[in-house]
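K.L.:
The task is to assemble the complex, starting from two chains supplied on their own in separate frames and drawing on the hints.
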Amino acid sequence: MRASLVNQLRVLVPVKRTIDYAVKIRVASDGKGVDQNVKFSMNPFDEIAVEEAVRLREKHKDAISKITVVSVGPPKTADVLRTALAMGADDAIHVEVPDKAVANPLEPLGVSKILNEIVKKAGEEEEVGLIIMGKQAIDDDASQTGQMLAGLLNWPQATYASKLEFSSKPEKGAEATVTREIDGGLGIVKTKLPFVMTTDLRLNEPRYASLPNIMKAKKKPFKKYTLADLGLEDQVKPRQEILKVAEPPKREGGAKVENVDELISKLKEAGRI
Amino acid sequence: MIATSMIPRVALRTALPLRRGFATSRVDLANTLVFLEHKKGNFAAATLSALTAAQKLGGDIDALVVGGDDASQVADKAAKLPGLKKVLFAKHADFANNLSEPLAPLIKKIVESNSYTHVCTGHTAVGRDIFPRAAALLDSSQVSDIIGLEGEDTFVRPIYAGNAIATLKSSDKVKVFTVRGTAFDAAALEGGSATTEEVKPDGVESLTDFVEEKVSESSRPDLATAPRVVSGGRALKSADNFVKYIEPLADSLNAAVGASRAAVDAGYADNALQVGQTGKIIAPELYVAVGISGAIQHLAGMKDSKTIVAINKDADAPIFQVADLGLVADLYEAVPEMLEKIK
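Chains A and B, in that order, give the protein sequences. Residue 254 in our numbering sits at position 254 of the first sequence, and the numbers go up by one each step. Residue 255 in our numbering sits at position 255 of the second sequence, and the numbers go up by one each step.
Hints were generated in silico from the structure; no laboratory data involved. Even glycine gets a Cβ: it sits at the ideal position worked out from N, Cα and C. Don't take every hint at face value.
Unchecked claim - Some chain B residues near chain A, calculated using beta-carbon distances under 8 Å:
#, residue
1, V309
2, A323
3, L327
4, A334
Same shape as in the complex, but just chain B (with noise of 0.2 Å):
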């Protein structure tokens, strides 16, 4: 890897705002490595997000996409995101479902041929994967989930359900890190002009076969990223219910689905729309909790919305302690009532 003092500019003309004076970024600039998952030739939007956390670190910063035959598209589809240097690609049969085994040696190999300080992604199910393995593999203890930078070596991330916010100083030679989507701006499709860059693999061992995806259609917004999102709870009762209620209340505000986990378990939602802890972490515009009580597990999933809006029948349920507007009400009358008016 050439480093030249010149190098950080590529950096300042990038749109978003660049935080200096981090202590040590003048003597050690950071030299990152973001990893950007793709699906179809569409970067991921936590991944964007990876990028905009990445800026803030200042330094340069070079992307690696991988991929089957598609690779080399999607590297030039990256070449134009803001504030890049070189993007890295390589290509493999294996590679093409982001399957943990065959990735992780290479994300270390690129690691250390590059002399990279700092290697992070989105905190996405891929990202989950696959980092912590190629972290064991760099011997780095990774940091998940990071909600804020505050220095090169200095982190913040949520613990217990996000009930309490963390900040650590890590001593590792290199930083492997994922970002929260929710809690960085994606990052610009253009506005970059890096160069490309192909990654020959070596002995890519497939411990693993990849068999199918059955991922859930829909043409609503994308729950992770949609700026309204309306969830239903236990009280929906059943499946027919929530397609009958929630759906279309969904539809009327342009809004994606969500699920508390006891719809998710009950059968009524399926698994992919579950709002928490362990489901998706999302912080949209707005968020409407039908017929949800608002366990701690679940605050902990939608909690950073800006507006949450909480129907309920009863008036004591935990979610109206973090509900901006909490309508008392049975949700077999309010929302019927609610798409009457909204129309």
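The following block holds chain A by itself, in its conformation from the complex (with noise of 0.2 Å):
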């Protein structure tokens, strides 16, 4: 355990362990979900808060104490939680939920009162002062997470984050400039320590963890707690009941034409040029 400066900074970066971003999925047999015997890994998103706060370090030297990652899910999401120290997170969370969970999954508004309680608690330990996540999750689409934990802890957000500059050393109070993406093209915010950022795509490019860190990883602390633990088992039952899940319309495509005449005929007749 490394000593803890007042005046370094706690990163928290909550996690999700989603279906791969290259599956193709296919929707369950009872029309209730989507089929889960199938690839898994960490939200992309997600790589790109963990990638950020590592380098938050990186750049500010001795600034952050420690960077704690989050997750909410059923027991093999432990191991994204793993990817995500071997990524260079020093401590993990795993708040456990039973594998039927999956089925029935808890919404975002959940997840966020969970990740205001692991504020706090982390916060017995030591504070934290920034939390990275990513803007939304492949999984459910919802992109509510981040917003909804900002809201609950009173904090500012800074969502859809492409760019993070501190002007100064980042401790508590400390003002961060956001670049931010927004429809038609780019926002730009000032904030003051502690808030919370959901990435967007263009932040950066995530790093590999190396066989070592790997490795290391397995040593890093590594808590648990389950919704009984947090006093939360009422508080995040899910308020919405999926009555159906269903493939798309199928799109009849497929058609090919020749030549560049026969497409401009084609779209002539249709009447779309």
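P.N.:
Set out below in structure tokens:
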């Protein structure tokens, strides 16, 4: 355990285990979800969040006391936390929910309540001063958790970030300039620590974990909580009942044309040009 | 909020067909607030689609307009939107740039003091930023990016990059949702005559300061709403080629320009042009994909287009599985030939 200095910053990075982005998902036979017997990995935006936290420490040496990764999910979620540790995080917190929760997943509101509690819990040991997380998970595509957490904490939020800069040492009260991806271009905001930032694609290029770092990650501190430990069992119950999950309507594509002339005449026929 | 049985007639006057017969709509009429996003007095297209979605709920609909000094003028403009009973407006320097920290508590306060049952807006960068924060303050589990409504509590939304469509029933007291702009027609700008009413915000707390916006200036149609879009991918190889091949083709079709993530990441095109799961989700009449292979994440952003044209050298590219018209050809020959022949 490294000695923690009061003016050092503890960064919390929430991550989610999702179906791998390259998997072509299939709707489950019961029509209530999607087939879960596929490859899972860390949500791509969360990798960017972990990377940003690690880079922040590389850039501002000794400013960051600890990078803590946290995830809410079934037992296998431990794998993505280990990946985050191998990328450079210092310790992990796993809020374990039973496997059946996969079929009836926690909603962003529930997850943000859990994270809110984790920020408090972690604070008993050492205060969290910055939260970096993905802008959305590629499974539910909700894009809510960071904003909800910021709202519950009453912290500022800087969403869809493509650039984070501190003009001074990142410590409590330090000012950050965040470039955000908005409709039509970029928006620049200034805010002060502590705040919640959500990552957009172009924030950085996440590193791969090296084999020695994967080995080292196995020895890093790893805490586990259940919802009962946090006293949140009743507060995070889903509010939404999934009635049906269906395949999207199929497109009748595939028709090829021989040349540009045929393409143009078909488009004209269809009244598209 | 005064609710009388006469009010739903206001909604009935709208040009858009109202879906009746939601199981609960007679007993428990919806009382909806639509947050109208605007820029320089022009309503965001997805905001007008959110209004259409709200009309499908039946019941009363009010709107909220926020802004700096322009708020009351924009509210007057909003009063003409069809089907609105009342337009609430709030003025404050910190509201001008749609910052979530002061706006989420404002929305919470207005929703609670008027007993709204539903609150919605477009699933735009602004809506996505403000609404979840407001939902958390209201202790409501938001439903993001809906593409359909099957009742006052039943929503349809895409998940897994649009590879599955979920229908879900919300048990929240206040339903907070954002609406996919391309899934509902935009409401007309005329036809209503709502009253306007100022809401005085109390204790605005600004936790974030707006610095500036760098919006790409373009004389071309807006990507999100253009009826035609020409998109370029990695095969363009350079920003120069993007300008040389994609832009003239777009101009000849009076189309907006789009790009795949690969083209944006490689620096060929601006971020704001990205079409896909994490960029813009569009559904134009005509989508022309040039040199785009068609990854799942890209398809998520354009597969609801009416007609998809693909031009790609690789006959096995996944884009051909969704394209209505596919041309297996080198774009460096096909695009100039198209330009020549479209004229």
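K.L.:
Tell me the numbers of any earlier hints that the structure contravenes, in ascending order.
P.N.:
none
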